[in-house]
Amino acid sequence: MFPSSSPPSDAKTVPGVEHLPASRSTATRYEDVDRVLAKIIDAAKSWRDSWINISSTQLGVVSEYDGLWDPIVGASEGLGRPAAPTPELQLEQALRLKEVYTELRADLLEELDLIETRIVKPASSVREYIDPMRKTIKKRENKRLDYEKIQDKTTKLQRKPGKTSKEDASLAKLEAELARVSEDFYAADAHLRDTLPPIVSAAFSIIPLLIDSVVALQNRFLGLYYTTLHTYCEEHGFPSPPPPMEEVVAVWSAGYEPVKREFESIACIATGKAVRQPMKLPDDPSLQDRGQSGSPLTPALLVNGPRRSSSGLTSTNGSIASPRPNRIPSMTSISSQPSPVLSPRPSMGNNYVISNLTPTDFTTASRLGQQSTPALSPNSMRPRSDYFNTRPPSTASTVTSTASINTTASGSSFGAMKKKPPPPPPKRIASKRLEEFVVAQYAFSGQGAGDLSFREGDRIKIVKKTDTLDDWWVGELGGVEGNFPANYCKSG
Numbered sequence: 001m002f003p004s005s006s007p008p009s010d011a012k013t014v015p016g017v018e019h020l021p022a023s024r025s026t027a028t029r030y031e032d033v034d035r036v037l038a039k040i041i042d043a044a045k046s047w048r049d050s051w052i053n054i055s056s057t058q059l060g061v062v063s064e065y066d067g068l069w070d071p072i073v074g075a076s077e078g079l080g081r082p083a084a085p086t087p088e089l090q091l092e093q094a095l096r097l098k099e100v101y102t103e104l105r106a107d108l109l110e111e112l113d114l115i116e117t118r119i120v121k122p123a124s125s126v127r128e129y130i131d132p133m134r135k136t137i138k139k140r141e142n143k144r145l146d147y148e149k150i151q152d153k154t155t156k157l158q159r160k161p162g163k164t165s166k167e168d169a170s171l172a173k174l175e176a177e178l179a180r181v182s183e184d185f186y187a188a189d190a191h192l193r194d195t196l197p198p199i200v201s202a203a204f205s206i207i208p209l210l211i212d213s214v215v216a217l218q219n220r221f222l223g224l225y226y227t228t229l230h231t232y233c234e235e236h237g238f239p240s241p242p243p244p245m246e247e248v249v250a251v252w253s254a255g256y257e258p259v260k261r262e263f264e265s266i267a268c269i270a271t272g273k274a275v276r277q278p279m280k281l282p283d284d285p286s287l288q289d290r291g292q293s294g295s296p297l298t299p300a301l302l303v304n305g306p307r308r309s310s311s312g313l314t315s316t317n318g319s320i321a322s323p324r325p326n327r328i329p330s331m332t333s334i335s336s337q338p339s340p341v342l343s344p345r346p347s348m349g350n351n352y353v354i355s356n357l358t359p360t361d362f363t364t365a366s367r368l369g370q371q372s373t374p375a376l377s378p379n380s381m382r383p384r385s386d387y388f389n390t391r392p393p394s395t396a397s398t399v400t401s402t403a404s405i406n407t408t409a410s411g412s413s414f415g416a417m418k419k420k421p422p423p424p425p426p427k428r429i430a431s432k433r434l435e436e437f438v439v440a441q442y443a444f445s446g447q448g449a450g451d452l453s454f455r456e457g458d459r460i461k462i463v464k465k466t467d468t469l470d471d472w473w474v475g476e477l478g479g480v481e482g483n484f485p486a487n488y489c490k491s492g
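Take 1 as the starting number for the sequence shown in the UniProt record's numbering and just add one per residue.
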């Protein structure tokens, strides 16, 4: 920023000019301390915001735990069975943990104000104190530029041979001007050299103090967290400090794996399609409300959610696959599809209401799943009273009887469920060939009979063309048809 400004050796020596070394290192240190202070201020603000985000996120997590364990008002009404009470131990721990993190966040926000008072404000004050020196440095830089400008003119005129009397007079004026600006420059440079180094040193001396404040405040925040959580762990019997993560994972797996194996041993889960399908939902929200085949789910299916058809019950000859026995048919399909003649059964018209069914020991989904169409449910061969007075068959017998009934009734039900053939598609109207035009790039006068003459910029309709531009095409212009060179035109 401050290059050497001594005049060349062949120039006239001006008093004081040889004593004008630049204060480059001092000015560079000034820029360094200003940049370091600015970074400390920005980093301290980001550090404070990070602590606020951490406390807010942790409070949100424990609030979710509180919502999980907190009993839902009215959740047991209308289910027909008593609801299990929430364990008092887990409920108390969740509520207390939320209170602890709420108090911790309030205390932390008060402590975070120290970042502003101990780091941000002192660093900002130092930057304000040293900012006027920037004007002094700029003033010294302007005087240096004036000095170098006069010095270049003087040197150029001094080296010129055979100067006239007018040029000698100009040289005398330049030398006098050079002496004046050199004195101004020397005074500004000396002032900057005397005042700037102590200011820069004082500004650098505060940086270690700011770093010490950062370390002290970080330990203070961590101590606040440790004290609060350690007290909570001692009150509720949690280990403090916590055990290694490997031990936590081992304890969790010991309780999770047996439940997983028991759940996966259920036949309908182990042999279903859900085992082989990814757990990720489709990205398109519209696909989440549609079944596997892409058709919208019927209102009856929405009672228990969509169920996928079992691959083991699909016929091998390519006929219509029978759905699972516990699939809930829509009200429209129940009323529209005829029942095969197997045995007398009460009518399932408007009296088929889910809310009128007698409750059993099964869940709501299992109870509704047993009410299928007569062709799909093995219980359709019995009267309604037998269905509710007898115990439901096992899963294996249900699948076996369903397959046998579907085989027997496939002939009669196929004819009843056969859809009308779709009407033939409407005849397509032959599309008219699009007209193609080219624009003349050059003027062309016909060279013989049958040639098409045109001027530059004319728009020619193509009647017949070949696959190459180096050929003659047939075109029409102004009602006149004729041959023209294709390379004289461009696509238009």
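Where hints are given, some of them may not hold.
Simulated DEER-style distance windows between Cβ atoms [as the list claims (entries may be wrong)]: (1) T28 x A216: 25 to 33 Å; (2) P242 x E64: 13 to 21 Å; (3) H230 x L59: 12 to 20 Å; (4) E64 x S240: 17 to 25 Å; (5) K153 x R127: 37 to 45 Å; (6) E257 x A84: 22 to 30 Å; (7) G457 x K149: 55 to 63 Å.
Worth flagging that the hints you see were computed from the coordinates, not collected in a lab.
Don't be surprised by glycine CBs; every beta carbon is placed ideally from N, CA and C.
In rising order, the numbers of the hints this structure does not comply with: none
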